[in-house]
Amino acid sequence: MKALQLFDLTGKTALVTGGTHGLGMAIATALAQAGAKLVINDVSAEKLKGAVAEYAANGITAHGYIFDVTDEAAVEKHIALIEKEVGPIDILVNNAGIIKRIPAMEMSVADWQQVINIDLTGPFIMSKAVAKGMKERGYGKIINMCSMMSEVGRDTVSAYAAAKGGLKMLTKNLATEWARYNIQVNAIGPGYFATAQTAPIRYEGHPFNDFIIKRTPAMRWGQPEDLAGTAIYLASHASDFVSGHVVYVDGGILASLGKASNEE
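Those letters in the sequence shown? Residues 1 to 264, by this note's numbering.
The reader is advised that the hints may include incorrect statements.
[Stated by the list, open to error] Here are the simulated lysine-lysine pairs, BS3-like style, with alpha carbons at most 25 Å apart:
{"no.": "1", "residue 1": "Lys132", "residue 2": "Lys168"}
{"no.": "2", "residue 1": "Lys132", "residue 2": "Lys100"}
{"no.": "3", "residue 1": "Lys132", "residue 2": "Lys172"}
{"no.": "4", "residue 1": "Lys128", "residue 2": "Lys172"}
[What the hints assert, rightly or not] Pair ranges (Cβ atoms, derived):
{"no.": "5", "residue 1": "Ala179", "residue 2": "Lys2", "range": "20 to 28 Å"}
{"no.": "6", "residue 1": "Ile98", "residue 2": "Asn182", "range": "28 to 36 Å"}
{"no.": "7", "residue 1": "Gly138", "residue 2": "Lys2", "range": "17 to 25 Å"}
{"no.": "8", "residue 1": "Pro217", "residue 2": "Gly50", "range": "19 to 27 Å"}
{"no.": "9", "residue 1": "Lys2", "residue 2": "Asp210", "range": "40 to 48 Å"}
{"no.": "10", "residue 1": "Lys128", "residue 2": "Gly205", "range": "23 to 31 Å"}
{"no.": "11", "residue 1": "Gly205", "residue 2": "Gly133", "range": "49 to 57 Å"}
{"no.": "12", "residue 1": "Gly138", "residue 2": "Glu76", "range": "17 to 25 Å"}
{"no.": "13", "residue 1": "Ala199", "residue 2": "Gly35", "range": "29 to 37 Å"}
{"no.": "14", "residue 1": "Ala199", "residue 2": "Gly138", "range": "40 to 48 Å"}
{"no.": "15", "residue 1": "Ser256", "residue 2": "Asn173", "range": "39 to 47 Å"}
{"no.": "16", "residue 1": "Ile60", "residue 2": "Ala80", "range": "20 to 28 Å"}
{"no.": "17", "residue 1": "Val152", "residue 2": "Val109", "range": "33 to 41 Å"}
None of these hints come from the bench; they were simulated from the model.
Each residue gets a CB set at the ideal place from its N, CA and C atoms; glycine is no exception.
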């Protein structure tokens, strides 16, 4: 196989959970542009309809399905439906997730459990359901969306950090169990990205914006397209002997203590 063919996803089917907006949509778009048939899901019919239309406007056919990644029965039902209607799932991106910014002392157990269920239990349920078919076919790629909070802590995100730290270790454990079936399980850990959610604070003079620019060795926010190459690599034959890793796409934040205030 020639070098560029290693990254070709033609003939593959990719399912991106929560691929209706933000970084999930950026990753889904990249996989589709690399040749994969695209499937996305959400719990909101309105979001799903809007996303399918947005993909279509960009020349991409997206097959949309409504189900909750924390509902095991619904997941198994829809995985079977997707494989019947679209094709065997070769690539799974566990992207669906939430964050609740609440100080730990004020966080209810209900809020804690909701974050853990969606951000950690959801990827376990999805991976287990999809891996059954991957095992039978002797091939599969699973990509979990970790975070810098898989490595470091930050105020008000205790549940999110616990879930993402757990997702890092789930990635390693599933990689260990399923490598014998030629299923590679890896993860992407995004840094701080320019999305609709961060737009209100991404301007010069905002304390957090200035902090990110100074803290990031690349001296900028990530752009959604910065995730494309990593996603395609982990979804393709180029990573067939790579498993159990988290690739941090963060502009160098986790590699550095950051610049001192008097440095150029």
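Kindly confirm whether 20 to 28 Å is satisfied by the beta carbon distance between Ala179 and Lys2.
Holds, at about 25 Å.
19 to 27 Å was suggested as the range; check whether the CB atoms of Pro217 and Gly50 agree with it.
Since Pro217 and Gly50 have Cβ atoms about 36 Å apart, the given range 19 to 27 Å is violated.
For the pair supplied as a hint, Lys128 and Lys172, is the alpha-carbon distance within the 25 Å limit?
The hint holds at about 14 Å.
Hint check for Lys2 and Gly138 - Cβ pair distance inside 17 to 25 Å
Taking Cβ atoms as reference, Gly138 and Lys2 lie about 23 Å apart, which means the hint holds.
Taking 17 to 25 Å as the hint, is the beta-carbon distance of Gly138 and Glu76 inside that range?
holds, 21 Å
Should the hint that Ile60 and Ala80 are 20 to 28 Å apart at their CB atoms be regarded as holding?
holds, 24 Å
Within 28 to 36 Å: is that where the Cβ-Cβ distance between Ile98 and Asn182 falls?
Between Ile98 and Asn182, where Cβ atoms are some 32 Å apart, the hint holds.
Can you confirm whether the C-alpha distance between Lys132 and Lys172 stays at or below 25 Å?
Given that 25 Å is the threshold and the Cα spacing comes to 18 Å, the pair holds.
Given a hinted range of 40 to 48 Å, is it respected by the beta-carbon distance of Ala199 and Gly138?
Holds - the Cβ-Cβ distance for Ala199 and Gly138, about 44 Å, lies within 40 to 48 Å.
Kindly confirm whether 23 to 31 Å is satisfied by the beta carbon distance between Lys128 and Gly205.
Cβ of Lys128 to Cβ of Gly205: about 47 Å, so the range 23 to 31 Å is violated.
Mind checking the hinted window 49 to 57 Å against the Cβ distance between Gly205 and Gly133?
holds, 51 Å
Take the C-beta atom of Ser256 and the C-beta atom of Asn173, compute their distance, and say whether it sits inside 39 to 47 Å.
violated, 29 Å
When each numbered hint is compared with the structure, violations occur for hints 2, 8, 10, 15 and 17.
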